[in-house]
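Student: Letter by letter, the chains look like this.
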Amino acid sequence: MHIPDGFLTPPVWGTLDAISAAAVPWVARRAQRDTQDQRIPLLGVMGAFVFAAQMVNFPVGPGTSGHLVGGTLLAVVLGPAPAALVMTAILVLQALIFQDGGVLALGANVFNMALLGVAAGYLPCRLWGRKPLTIFAGGAFSVMTSACFALSQLRISGVPMAGSVLWASLGLFLISALMEGAITVAAVRAIERLNPTWVAGGPQSSSSRTLPALAMATLALVVIGTLIASAAPDGIQRLTGQGGTTTGWNLRLIDGIGGLILIFALCFLGGKLIFRRRSA
Amino acid sequence: MHHLVIDRWSRGSSPLHARDPRAKLAVLLVFLVAVSTTPPRAQIAFVAYAALLIVGVRLARLPLGGLAGRAALVLPFSATFALITLWSGDALRALALAEKSFLSGMAALLLVSSTPLTAWTAALESWRAPRMLILVIQFVYRYLFVIAEQAQRMRWAALCRRGNQKGYFDFSAAAGLLGVLFARSWQRADGIYHAMLSRGFHGRFVPSPPAPFRTTDAIFCSSCFAGCLAIRLLL
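As given, the protein sequences belong to chains A and B, one line each in that order.
First residue of the first sequence? That's 1 in the numbering used here, and the numbers climb one at a time after it.
First residue of the second sequence? That's 1 in the numbering used here, and the numbers climb one at a time after it.
Keep in mind that a hint or two might mislead.
Now the stretches of chain A that chain B is said to cover, found in silico as 3 or more residues with beta-carbon under 8 angstroms [what the hints assert, rightly or not]: (1) 44 to 52; (2) 89 to 97.
Label-pair ranges, simulated between beta-carbon atoms [as the list claims (entries may be wrong)]: (3) B/90 / A/194: 47 to 55 angstroms; (4) B/202 / A/227: 48 to 56 angstroms; (5) A/174 / B/90: 38 to 46 angstroms; (6) B/213 / A/54: 49 to 57 angstroms; (7) B/149 / A/194: 14 to 22 angstroms; (8) B/152 / A/163: 39 to 47 angstroms; (9) B/191 / A/264: 37 to 45 angstroms; (10) A/10 / B/91: 16 to 24 angstroms; (11) B/91 / A/167: 22 to 30 angstroms; (12) B/187 / A/55: 18 to 26 angstroms; (13) A/264 / B/83: 26 to 34 angstroms; (14) A/18 / B/159: 42 to 50 angstroms; (15) B/39 / A/264: 26 to 34 angstroms; (16) A/227 / B/8: 42 to 50 angstroms.
Some chain A residues flagged as far from chain B (calculated, every beta-carbon gap over 12 angstroms) [to be verified]: (17) 213; (18) 265; (19) 269.
Read the hints as simulated data drawn from the structure, not as lab findings.
Ideal Cβ placement from N, Cα and C applies to all residues, glycine included.
The following block holds chain B by itself, in its conformation from the complex:
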């Protein structure tokens, strides 16, 4: 299993990467609210939102095609509902449904591709998200690929042992696989805890002090807010 490309992208350097994560998170929320409240008949506005996103992607020096491809993952779901809407005779609304979900997904991707996970979780924590939740998010993300790769290896091993019989991978075998995966995860958590203890962990993480919110961040924030508002209200 390949590691997330997003993780690599988020460690790049560009004017957008350099902005304060709090500023980017705030801009994301304002953008999403603007998109969400845009009525379906304002089709020009959606084009303008897309243009705004493209400027953002260029500013972050990220591949537009790669981002759009990832954001397109939402399309099967929204396309289904869009087709149902189309079928009930509301073409404009159907189009808006697909556009809104795609643009929103793209905006969220732009945030996580230009901000490392530790930075945006720190921003969430500075907005008083529960520390416990932040810790769990960080742990899940850190061990996601370790455990997923383990699951993949176990699946391959099971497939190899099964020989070339064409039957289904039977239910109890799959359950056994889950059980063993659970056991290994549990042991891994134990190991992680002991490793943390031996490094002097005593019940809480010491967060690094947040970087100051600079003038450029404020300018970035206000210009993006202005852009979103202008599109929402004028178009």
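Just chain A, same shape as in the assembly:
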């Protein structure tokens, strides 16, 4: 799901870089407020832990294995803002040193995985308390959200994807989403058995539920929307197909920016509402 450079068109990576460049300092400020000095090394070591945990293969059925992505586990253990910050740090290192994801596409990857992925993983626990089921839902939802956003950014950038390819990749994403859910639950349970206080600092179910619910519904709508949009041929594409074979740069630009602004507005609204409630 790490998008390399060369896939996204300039308007798409430009917009997402700008969004992430604005959001990450805000996340960092929140993380700093939530974190005592003592936890600064903890954040770093947890990032290293997620890196290492990605090396541990979990067997799922014959011949296939998956590994932890980690956003939800971090959100459960550290809370959303520190988790998003740690994921951002991991993505920066992956982009520059491990050739996993591009540098210009870093904004897109941060947006998909560190910001939305962590938010999606955190919301079910925030809404319905920390139970195995909500952690499972969080893990699965987190991977699905990141994947759907990455996929739609690639589509907006005009990376051609035939219907069958799209369905195959969505199927793969669904499998890895379920796997992430299962692995996160198993890992949280194993950690809890060793020392319950380690996971106690994470999200607690709270009295105000409407706004997180709204944010959750927004993200779910976008995910479902992506699924529907990939099932049915894209309306705009059909229009341009009828208008002639030339899909102009301008049209694609408007298409891309419009879609991104829409998605961003929805998510921004959702995110703002959750966090405002938390600080209130």
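Given chain A's structure and the hints, the job is docking chain B onto it.
Tutor: Here is chain B on its own, set in the frame of chain A:
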């Protein structure tokens, strides 16, 4: 697990290593933007970008093959999409997709192989990246190999205890491994914090003052910008 070769490379000495990290970071961004905006039909431009990178690698006295091999790690992903593009009948675009991702990866590698992590994070910090993020990046990088090696040792130990049964490494065992790894990481973080306290840490790191931006850095920057622009606009 072997330690990163990049880390060793980044501590070398060469004309490129000596440049200011801010200059190199700026050049990287301009290069990436130029590559990203080059249309697929301008195939000569991609050759020119590659030539520019080769000059950079030579200037940094780094092994070209080693760098290219590492940058090729992006190719499986982009090759998949390139094949899909090829299949939908756009050969030039498919080629450009693979070339762009490879060249971009190579350029990023050239930066981190000629600049130590502390230098490029300091450059990011001087561009007002959040200090907290920089701290976390440095901590993650510093403990990455410690924790990864621990994970590797635990995996081997688990494999040894399992005997020669052919079955899968079962799910709950893997989860237990993660739990223990988490516990050890947590304890390590505690130890690190106490070690920092005993060395007089009181909530913030004192960054070393940045080196001055010299004339050679400015010349390096402007000539690279000119090269990228020339390739982008003329070819």
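Student: Taking 38 to 46 angstroms as the stated bounds, is the beta-carbon spacing between residue 174 of chain A and residue 90 of chain B within them?
Tutor: About 28 angstroms separates the Cβ atoms of residue 174 of chain A and residue 90 of chain B, which means 38 to 46 angstroms is violated.
Student: Does the Cβ pair residue 91 of chain B, residue 167 of chain A satisfy 22 to 30 angstroms?
Tutor: 25 angstroms, holds
Student: Apply the coverage criterion to the segment 89 to 97 of chain A and chain B: a residue qualifies when its Cβ sits closer than 8 angstroms to a Cβ of the chain, and three qualifying residues are needed.
Tutor: holds (count 7)
Student: Range hint 42 to 50 angstroms: satisfied by the CB atoms of residue 227 of chain A and residue 8 of chain B?
Tutor: Since residue 227 of chain A and residue 8 of chain B have Cβ atoms about 46 angstroms apart, the given range 42 to 50 angstroms holds.
Student: Looking only at beta-carbon atoms, does the pair residue 202 of chain B, residue 227 of chain A fall within the given range of 48 to 56 angstroms?
Tutor: 51 angstroms, holds
Student: Should the hint that residue 187 of chain B and residue 55 of chain A are 18 to 26 angstroms apart at their CB atoms be regarded as holding?
Tutor: 20 angstroms, holds
Student: Could one say that the CB atoms of residue 90 of chain B and residue 194 of chain A fall in the range 47 to 55 angstroms?
Tutor: 53 angstroms, holds
Student: How about the segment 44 to 52 of chain A: do at least three of its residues have a C-beta closer than 8 angstroms to a C-beta of chain B?
Tutor: Our answer is that it holds, as 8 residues pass the Cβ test (under 8 angstroms) against chain B, meeting three.
Student: Taking the CB of residue 152 of chain B and the CB of residue 163 of chain A, does the distance hold inside 39 to 47 angstroms?
Tutor: Roughly 42 angstroms apart at Cβ, these two residues keep to the hinted range, so it holds.
Student: Please test the hint of 49 to 57 angstroms on the beta carbon pair from residue 213 of chain B and residue 54 of chain A.
Tutor: 38 angstroms, violated
Student: Between the beta carbons of residue 18 of chain A and residue 159 of chain B, is the distance compatible with 42 to 50 angstroms?
Tutor: 47 angstroms, holds
Student: Does the Cβ-Cβ separation between residue 149 of chain B and residue 194 of chain A fall within 14 to 22 angstroms?
Tutor: Given a distance of about 21 angstroms, which is inside 14 to 22 angstroms, the answer is holds.
In this structure, the earlier hints numbered 5 and 6 are contradicted, and the remaining ones agree with it.
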